[in-house]
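K.L.:
With the hints as a guide, bring the two chains together.
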Amino acid sequence: MSHSSMWDSISGIIQRDLLLAMRRWSDAAMSVFFLVIVVSLFPLGVGPEPAVLRTIAPGVLWVAALLTCLLSLSRVFTPDYLDGVLEQMVLVPQPLSLLVLGKVLAHWVISGLPVVLLSPLLGLQFGLDGEALGVLVLSLLLGTPTLSMIGAIGAALVLGVRGSGLLVALLVLPLYVPVLIFGAGAVTSSMAGIGGEANLSLLGACLVLSLFLAPWATAAALRVALE
Amino acid sequence: MLQAVGLSCRRGERRLFSDLNVKVERGKLLAVVGENGSGKTSLLRIFSSLLPPEEGSVRWDGEDIHQLKELYSGQLMYLGHLNGIKDDLTAVENLMSSMALAGEPCSESGAKEALEAIGLKRLVHRLPSKVLSQGQKRRVALARLWLSTRPLWLLDEPFTSLDTASTAVVTQRVHAHLQRQGLVVVVTHQEIALPAERLQQLRLAG
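Just so you know, the sequences run in chain order A and B. Everything in the first sequence is counted per numbering that gives the first Met the number 0, starting at 0 for the first residue and increasing by one. Everything in the second sequence is counted per numbering that gives the first Met the number 0, starting at 0 for the first residue and increasing by one.
So here's chain B without its partners, still in its complex pose (with noise of 0.2 angstroms):
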């Protein structure tokens, strides 16, 4: 269970929000929608563990996560704007060098199949990723979700520039994810094909 208690963000001069609750159950997935510039990303930060809160506190499963730390660490899955993935490498290097940076190697194969998934083909796998499109980058960072044991996803963002089949895709991963009693939370302008029992909605003012 993933619980904000009276969160409050600033950035600069300007108070995002304040006093923000929130209480997440696993199986749940959590959209953060909101305008532009009210604070979504920040509050994804903050859940991640990357960003401070001003006040209040993050907690998992009712432990606060600044005093988790590592422990927290090892629980999360986080996927920012960023796809934290280099140009110099292939597809499958990038894959499996994320994934052994986060603790949880994978074999080559294993990154093949998630990269197919994601529905990149073969074909893709041994070129250099600066030569992929914008969206073929952003599905090499999130063939991760096919391969991580972590029970909580942190996506900001993640449709952007996804093309209609690749989003039902991901969205049939992420409900996979849900129905193994994990927990999701996005920062999305997109609506999320999930059947409603599953969706909790959070609306930043700005």
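The shape of chain A in the complex, shown without the other chains (with noise of 0.2 angstroms):
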């Protein structure tokens, strides 16, 4: 198959997730207030501390930022399942792992981008000072691809599983560990004047493998789904 077909086929996914998103903007506009509410209640319950705030504010940023891409997780491919576009969308003939790196892409601009754009507001919230603001943004950046790279695994192999939204909880986020640890620790060390470099790195370690392997073992998911 020529390689612009190929294109044809990636980019039609992309632009037809992108317009429903807009047309669903409601449903991206929730993710976004559930990440804000979610990230506001912990100085309500910790107490105005700025010390103790600075402190936990990784932490909570990255929690809140797992949290709002496993929310939106039932969004990659239920609705897809549901009316029959799956199907056909393994019925391209182009490398089916290549279509769902231009779902999971969609997904990210829609329910990732979102989180990135917002953090040093919100980390600003915290009392983080210019550099640890620029390592939030940075780690989020690498991290939240990630993401929404291993949400997809989960997020398909639960694909017609009654109970899938807490299903797909418990199955992702063991895996979401690493980054979790990697983003609030590049953060964390910035803060203590030690760079983020190191854990940054793994951040983009952590990337790099899952666009390698998450596509792929997704199509096999989605497949068997459908069998």
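One thing to keep in mind: the hints can contain errors.
As the list claims (entries may be wrong) - Among chain B residues calculated to face chain A with C-beta under 10 angstroms, some are:
| hint | residue |
| --- | --- |
| 1 | L50 |
| 2 | H65 |
| 3 | K68 |
| 4 | G83 |
| 5 | D86 |
| 6 | L88 |
| 7 | P127 |
| 8 | A140 |
| 9 | W145 |
In short, the hints are calculated from the structure, not lab data. Each residue gets a CB set at the ideal place from its N, CA and C atoms; glycine is no exception.
P.N.:
Structure, rendered in structure tokens:
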């Protein structure tokens, strides 16, 4: 198959998913509000002590980002599975893993990118300084695509299963642990003055690894779900 | 030429069919008939490569479809029970995005012509698909028949919820495809109004 029709298929998927997200913008907006509310709950619960807030900020922001991503996972494949678009996707004469990559990219733009863009504002709320904010944004920029990649495997595995919302959380959250540790670690170590480069490199490594393995695993899970 | 060699299929504990052999030449339509639950849809899904058969193989022009992989998907257009259209998109957007996904992108005017050919008026083109009736949604999905250049069509109950006029239009389109040496496999409960020399029937016992 020619490269142009491969590009047609992948860009077709991305365009359609972005158009759908614009038509249903309230879904994406709700994820963003969820993130803001979860993050704002901590100062209310822990108390307004600036030193404490600054210490917990990296962990809180990263856990909130993780939960936001988790909430949006049910929108990656389930609608396509229910209305038959997934069948059509599997029968496209292109490698399914590339189409999956397109879908995950669209999912990241819809649900991951807003988190990255909003994070400096939320970090400011916790009294993070300029450098720590920069590292926070960078760590989320490297980490959230990995969350979408890993999440897609889980979302594909639970397709058509009853109570899939909770199951996908149980499946995916343990896999998110390394990303959480490196992501929050990057911000913490930059605040401690030892620089976040080591943790950021590890996040980058996670991203590269998930870019290679996740689409392939997701494609295999999707084929099984449709049998 | 589409050929099934010694196919058998099991869903759960139930054996739907075994040692099924059938051969369809280009220019012919294979109508798969049988009771509910006799395995018609499973057979069509095996033909489409969505479902691997328990035993046996499907051959396209003599080659096993599981070896052809993407080369085979490039030959077929599959329309299942589900329409594969999005409720939030208009008819035109749905048609254009499913054609782009299939790797056969079409222009907006092409999509509109196809929708008109199947009897969806311009008024309907701009509405989100969620307000369309079942029959109208089915027609949006079937409009792909006017745009696809694939030789093999696999259609699962294409006439469900269509009115008589639309059924006739779709049948005509199928006939035109057969005259251009296309090959069609249809799962249906209805009589298909085509010349007898184009028709071939496969009855699944259930």
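K.L.:
A closest beta-carbon separation below 10 angstroms is what the hint needs, so does P127 of chain B meet it against chain A?
P.N.:
8 angstroms, holds
K.L.:
Would you settle whether the hint for L50 of chain B is holds or violated, based on the nearest Cβ-Cβ distance to chain A being less than 10 angstroms?
P.N.:
Holds - the Cβ of L50 of chain B comes within 10 angstroms of chain A, reaching about 5 angstroms at its closest.
K.L.:
Is the interface hint for A140 of chain B satisfied, with its Cβ closer than 10 angstroms to some Cβ of chain A?
P.N.:
8 angstroms, holds
K.L.:
Hint check: is the beta carbon of L88 of chain B less than 10 angstroms from a beta carbon of chain A?
P.N.:
Nearest chain A Cβ about 7 angstroms off; hint holds.
K.L.:
Does the CB of G83 of chain B sit less than 10 angstroms away from some CB of chain A?
P.N.:
G83 of chain B check passes; min Cβ-Cβ to chain A is 4 angstroms, inside 10 angstroms.
K.L.:
So, D86 of chain B near chain A? Judge it on the closest CB pair being under 10 angstroms.
P.N.:
7 angstroms, holds
K.L.:
H65 of chain B was flagged as interface toward chain A. Is the shortest Cβ-Cβ separation under 10 angstroms?
P.N.:
12 angstroms, violated
K.L.:
So, K68 of chain B near chain A? Judge it on the closest CB pair being under 10 angstroms.
P.N.:
9 angstroms, holds
K.L.:
Holds or violated: is the Cβ of W145 of chain B closer than 10 angstroms to a Cβ in chain A?
P.N.:
This interface hint is violated because 17 angstroms lies over the 10 angstroms limit.
The structure does not agree with the numbered hints 2 and 9 stated previously, though it agrees with the rest.
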